[in-house]
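> Spelled out, the chains give:
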Amino acid sequence: MNWDFIWKYLPLYEKAALLTVKIGWAGIALAIIIGILCAIVLYFRIAVLRRIVSVYIEISRNTPLLIQLFFIYYALPKIGVPVSPEACGVAGLAFLGGSYMAEAFRSGLEAIEPIQMESALSLGLEKSQALRYVIMPQAVSVSVPAFVANVIFLLKETSVFSAISLMDLMFTAKDLIGLYYKTTESLLMLVVFYLIILLPVSILGSILERRLRHAGFGS
Amino acid sequence: MKIEHLTKSFEDNVVLDDVSFTVHKGEVIVVVGPSGCGKSTMLRCINALEPIQGGKITIDGDEILYGSKNLSSLRQKIGMVFQSYDLFPHLSVLDNILLAPLKVQKRKKDEVIKEATELLERVGLGDKAKSYPRQLSGGQKQRVAIVRALCMHPEMMLFDEVTAALDPEMVREVLDVILGLAKGGMTMIIVTHEMQFARAVADRVLFLENGNIIEDADPDTFFENPKTERAKQFLNIFNFERSKEK
Amino acid sequence: MPDLGLDVLFKGKNMLRLLGGLWVAVKISLISVAISIPLGILLGIIMTSKNPIIKAVTRVYLEFIRIMPQLVLLFIVFFGSTSALGINISGELASVIVFTVWGTAEMGDLVRGALISIPKHQYESSAALALTPAKTYIYVIIPQTVRRLIPLSINLITRMIKTTSLILMIGVVEVLKVAQQIIEANRMSSPNAAFGVYLTVLLLYFIICWPISMLAKRLEKKWG
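Sequences listed follow chains A, B and C, in order.
Residue numbering for the first sequence is 1 to 219, as defined by the numbering used here.
Residue numbering for the second sequence is 1 to 246, as defined by the numbering used here.
Residue numbering for the third sequence is 1 to 224, as defined by the numbering used here.
The hints are simulated quantities; they were obtained by calculation from the structure and are not laboratory data.
Backbone N, C-alpha and C define an ideal beta-carbon position, used for all residues, glycine too.
Hints may contain errors.
In silico DMTMM-like links for lysine to aspartate or glutamate, alpha-carbon gap of 25 Å or less [stated by the list, open to error]: (1) B/Lys103 / A/Glu118; (2) B/Lys103 / A/Glu113; (3) A/Lys78 / C/Asp3; (4) C/Lys222 / A/Glu118; (5) A/Lys174 / C/Glu92; (6) B/Lys128 / A/Glu113; (7) B/Lys108 / A/Glu113; (8) C/Lys221 / A/Glu103; (9) B/Lys130 / A/Glu118; (10) C/Lys222 / A/Glu113; (11) B/Lys183 / B/Glu229; (12) B/Lys69 / A/Glu103; (13) A/Lys174 / C/Asp3; (14) A/Lys78 / C/Asp7; (15) B/Lys183 / B/Glu173; (16) B/Lys109 / A/Glu126; (17) A/Lys127 / B/Glu50; (18) B/Lys77 / A/Glu118; (19) B/Lys106 / A/Glu126; (20) A/Lys127 / B/Glu155.
Only part of the chain B face toward chain A is listed, based on derived beta-carbon distances under 8 Å [said to hold, decoys possible]: (21) Lys25; (22) Asn47; (23) Pro51; (24) Gly54; (25) Lys56; (26) Arg75; (27) Phe82; (28) Asp86; (29) Met152.
Given these sequences and hints, build the entire structure.
Written out as structure tokens, the structure reads:
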């Protein structure tokens, strides 16, 4: 093991990890917004929109992120939609993640007894108020485990970003292997950096899940 | 409140068939009838939780119409308590009560807290304001649900089998609260299976079967001399079940 | 109507070549699934063991495999085998190894989950009916476990197929690589080929994965 090599190229990995994290979280934040909106559309069975959302979810869930990225990055410019690699990474992750988040929130919403909505309405709350103060807080905490699993899944999926020439961790590792043949060192740093990014989320997830289970709303 | 020719069906199944009656101010109406006769559905229609297929429901001359814009303000006039599971589990008892007065009526917080605390005291739950629903017994939950509805200053209250899901020893504490309300002159429509309670609290009893009002009488007449054979049978079955339980 | 570069697909054997590339990806995932399922069942049963060492080892294996992006695993096996073991393995073999190791972990976790979710009273009431432990497993436990597992394993197949798109990154010539080649070869005559070809690849994946997901969903509903 060549520690000097590791020491020397550590900053490269740090920079790459930062890129992964930045684009990852931007994409996940967008995915959450898309997910909540889609879940609400499905929950309230809003005409027309519901169809569109279902089609989107099926396409997004049944195609690989890598192909989605290729399509956004290489194909969309051909019909006049130029996309930068960063924007493509965020958009691709949001497109993929939106459907997974939607499913997580939808099952959270469906886990809430309809009587909760009815009793909120019977107190004179508007539907939007009932959703905001009564249904959403409960649905969100029900969907926490699925939500955390999705975040980890999406952060892992960012590993394909190098295919659209984003200089992420995979890109850096492959580059160093190609240039210097320091395979073991490059791979070790790759694994360590992914652990640094993913382990905290995973641990936080299991803590949250345990706490929620203990608090157990159960009326 | 006036209910005229109310008709409600789920697909081909007619649940309420041309039901009409009037509720006067301060009147306590108890609705009884076999399971599936449409009692609960009727209450849900009155609060516009279900679309109706025909007829008209008005309160103070304003029509209550499923899906209409002014539903929120009309529903504020009508408090409703359900069979179970209707407290918001993520909110404390106090927050359950405060939610609608603050968000819907935009009242001052300290004023509502004061009123809520008084009402909780009155139903014997003064020390539970900070508790969460999961820490309460079924009877306590239902009393909180009643307080929550009362805090909106409704003109009338609907009770949908509020004791049906309770253990027998908790039924009394809830019914006592409702009896108290009746003495205070609250207008109420109560759906229940507790016959003794029905007799004690009612000004008028409606007997519902297959979506029709078959009898509409004062409680003494209904329980002593029901006019129809069906009501007689219904009350008999009830007595039989009672005696068997004992 | 702008040129969407769809014409390229109908030139020569381009469509056939794409399908051939897709078959490479599908083949690798099917082989991996076929090996993963029996290994995963075995792992799942082992994981219900009460031995703390076995528990710890399987747990670490599972957690490591599941937390690492599959592409990292592919890199480790593909590049690492050369430097650490001094052998050169093909991209295809590396892919099958990684997907099998990953699939076994996922399947093992599913099997473990299904096994521990069978309530204790199922064992007790079988015993009360005088069924021997073997008969309890054959007639009571396994049928219930299998019903839970089949939809989940079918889902694993679609996840596997989707993940095979990654093998492009270790140089396996699969559908995406073929797509790149076709686009490159027709750069002059059909500058917009990227649109038509990548759209086709996207749809090909969808056409394969969607029916499988639907089947899983239907079975889940039926047996849920």
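> Each hint needs a verdict: does it hold in this structure or not?
Hints, verified against the model:
In summary, the hint linking B/Lys103 to A/Glu118 is supported, as the alpha carbons are separated by about 16 Å, within the 25 Å threshold. With a CA separation close to 22 Å, the supplied pair B/Lys103 and A/Glu113 stays within the 25 Å bound. Between A/Lys78 and C/Asp3 the CA atoms are separated by roughly 9 Å; this keeps the pair inside 25 Å, and the hint holds. Restraint check for C/Lys222 and A/Glu118: not satisfied, since their Cα atoms lie roughly 30 Å apart, outside the 25 Å limit.
Between A/Lys174 and C/Glu92, the direct Cα distance comes to roughly 18 Å. Compliance with the 25 Å bound is thereby established for this hinted pair. Note on B/Lys128 and A/Glu113: the hinted pairing holds, with a Cα-Cα distance of about 24 Å set against a maximum of 25 Å. Of the supplied pair hints, the one linking B/Lys108 and A/Glu113 is violated, its CA atoms being roughly 30 Å apart against a limit of 25 Å. With a CA separation close to 16 Å, the supplied pair C/Lys221 and A/Glu103 stays within the 25 Å bound.
This hinted pair checks out: B/Lys130 and A/Glu118 have alpha carbons roughly 24 Å apart, not beyond 25 Å. A distance of roughly 23 Å separates the Cα atoms of C/Lys222 and A/Glu113; the hinted pair therefore holds under the 25 Å criterion. At roughly 32 Å between alpha-carbon atoms, B/Lys183 and B/Glu229 are farther apart than 25 Å, so this suggested pair is violated. Straight-line distance between C-alpha atoms of B/Lys69 and A/Glu103 comes to about 31 Å, which puts the hinted pair past the 25 Å bound.
Distance hint between A/Lys174 and C/Asp3 is unfulfilled; the C-alpha atoms sit about 36 Å from each other, more than 25 Å. This hinted pair checks out: A/Lys78 and C/Asp7 have alpha carbons roughly 14 Å apart, not beyond 25 Å. Distance check on the hinted pair: B/Lys183 and B/Glu173 sit about 16 Å apart at the alpha-carbon level, within 25 Å; holds. Restraint check: the Cα-Cα separation between B/Lys109 and A/Glu126 comes to about 20 Å, which is no more than 25 Å; the hinted pair holds.
Distance restraint check for A/Lys127 and B/Glu50: the Cα-Cα separation of roughly 14 Å lies within the 25 Å cut-off, and the hinted pair is therefore satisfied. Note on B/Lys77 and A/Glu118: the hinted pairing holds, with a Cα-Cα distance of about 16 Å set against a maximum of 25 Å. The suggested pairing of B/Lys106 with A/Glu126 holds, with an alpha-carbon distance near 13 Å, which does not exceed 25 Å. Proximity of A/Lys127 to B/Glu155 is assessed by CA-CA distance (about 22 Å); at most 25 Å being required, the pair is judged to hold.
Interface hint at B/Lys25: violated, since its Cβ lies 20 Å from the closest Cβ of chain A, which is beyond the 8 Å cut-off. The criterion of a C-beta within 8 Å of any C-beta in chain A is met by B/Asn47, whose closest approach is roughly 5 Å, and the hint holds. Hint status for B/Pro51: violated, given a least beta-carbon distance of 13 Å to chain A, over 8 Å. The criterion of a C-beta within 8 Å of any C-beta in chain A is not met by B/Gly54, whose closest approach is roughly 22 Å, and the hint is violated.
With 8 Å as the threshold, the beta carbon of B/Lys56 stays out of range of chain A, its nearest partner Cβ sitting at about 20 Å, so the hint is violated. A cut of 8 Å between beta carbons decides the hint on B/Arg75: the least distance to chain A is about 4 Å, and the hint holds. The interface hint given for B/Phe82 is met, as the beta carbon of that residue sits about 6 Å from the closest beta carbon of chain A, less than 8 Å. Hint status for B/Asp86 relative to chain A: holds, with the closest Cβ pair at about 4 Å, below 8 Å.
A least Cβ separation of about 6 Å between B/Met152 and chain A falls short of the 8 Å threshold, and the interface hint therefore holds.
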